[in-house]
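Work the whole structure out from these sequences, hints included.
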Amino acid sequence: MTPNEVASLFVEAINTKRVDGIFELMTPNHVYIEPDGEEVKGRERMHEAWAEYFKIVPDYRIEVEEVFTRDNTVVFLGTAAGTFTKDGALNPEYHWSVPAAWRAVVKSEQIAVWQLYVNIEPIRRIMKRLGAA
1 MTPNEVASLF
11 VEAINTKRVD
21 GIFELMTPNH
31 VYIEPDGEEV
41 KGRERMHEAW
51 AEYFKIVPDY
61 RIEVEEVFTR
71 DNTVVFLGTA
81 AGTFTKDGAL
91 NPEYHWSVPA
101 AWRAVVKSEQ
111 IAVWQLYVNI
121 EPIRRIMKRL
131 GAA
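Residues in the sequence shown are numbered from 1 upward in steps of one, following our numbering.
These are computed hints drawn from the structure, not numbers from a lab. Errors might be hidden in some of the hints.
Unchecked claim - Here are the simulated DSSO-like cross-link-like pairs (lysine-lysine), alpha carbons at most 27 Å apart as the crow flies:
(1) K17 <-> K86
(2) K41 <-> K55
(3) K86 <-> K128
(4) K55 <-> K128
(5) K17 <-> K55
(6) K17 <-> K41
(7) K107 <-> K41
(8) K107 <-> K17
(9) K128 <-> K17
(10) K86 <-> K55
To be verified - What follows is a set of in silico ranges between Cβ atoms, one per label pair, in the way DEER data are often shown:
(11) T2 <-> K86: 34 to 42 Å
(12) G131 <-> V75: 31 to 39 Å
(13) P122 <-> D20: 25 to 33 Å
(14) E109 <-> G131: 37 to 45 Å
From the three backbone atoms N, C-alpha and C, an ideal C-beta is built for every residue, glycine too.
Take a look at the structure:
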């Protein structure tokens, strides 16, 4: 598979909330890089993190509008969207949609690095209203 195909499968696994599929596509020493630069290392930790994230944002979705690939690095430009919930109810008041970019570094047909670039402030404001921040 090409790096673009691997990264696209990763997005598909995220969009369908297949935590085990996400896990299988991560290298054992996978690194997730938050928008603020904080790193979460290891696919075991990220397996747990994705499962928890889908509980609080059950409709999280990545919409890819453009793709750039160089060697084993893929960059997606698009939109991230979802709805925060405490009880599973999807209240439109807590829905958000923001422009975003993702950088994937692919090694041996798995994602070694997944980095998110996004202005987190609109999301933080909603979390604060919900009482989750």
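So, going through the hints one by one against the coordinates:
no.	hint	in the structure
1	K17 <-> K86	18 Å, holds
2	K41 <-> K55	21 Å, holds
3	K86 <-> K128	12 Å, holds
4	K55 <-> K128	17 Å, holds
5	K17 <-> K55	10 Å, holds
6	K17 <-> K41	20 Å, holds
7	K107 <-> K41	16 Å, holds
8	K107 <-> K17	23 Å, holds
9	K128 <-> K17	25 Å, holds
10	K86 <-> K55	8 Å, holds
11	T2 <-> K86: 34 to 42 Å	40 Å, holds
12	G131 <-> V75: 31 to 39 Å	35 Å, holds
13	P122 <-> D20: 25 to 33 Å	31 Å, holds
14	E109 <-> G131: 37 to 45 Å	42 Å, holds
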